[in-house]
Amino acid sequence: LWAETRTVTMNGDTVRGVVFSPDEQRVAVVMEGRVQHRNVETWQLLDDFIVSTKAVYGVAFSPDGKWLMVGAADRKIRVWALAGG
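Read in order, the letters of the sequence shown are residues 2 to 86 in the working numbering.
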């Protein structure tokens, strides 16, 4: 039924989650203490956000795809304006 079309190995931390942007052109990859913002087609790194020394628990794009909101175990919510957003 489902066919795997691509596998990407991330260097370093364990991948904890992946979220597509509203336009499906970009993705946010959640890892321990950081979130990487990447182009889906080329996998080019657009932004690399160091969030916390603690775990990242949630990430979401704004409906227009211009902002990324991240929640972490340090009890902080962070918001970033995105490159290519």
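Calculated directly from the structure, the hints in this document are not laboratory data. Remember, it's a predicted structure, so these values are computed and weren't measured experimentally. Please note that a few of the clues may not be correct.
Lysine-lysine pairs mimicking DSS-like chemistry, simulated, CA-CA at most 27 Å apart [stated by the list, open to error]: (1) Lys77 x Lys55; (2) Lys77 x Lys67; (3) Lys67 x Lys55.
Going down the list of hints, with the structure as the test:
| no. | hint | in the structure |
| --- | --- | --- |
| 1 | Lys77 x Lys55 | 11 Å, holds |
| 2 | Lys77 x Lys67 | 20 Å, holds |
| 3 | Lys67 x Lys55 | 25 Å, holds |
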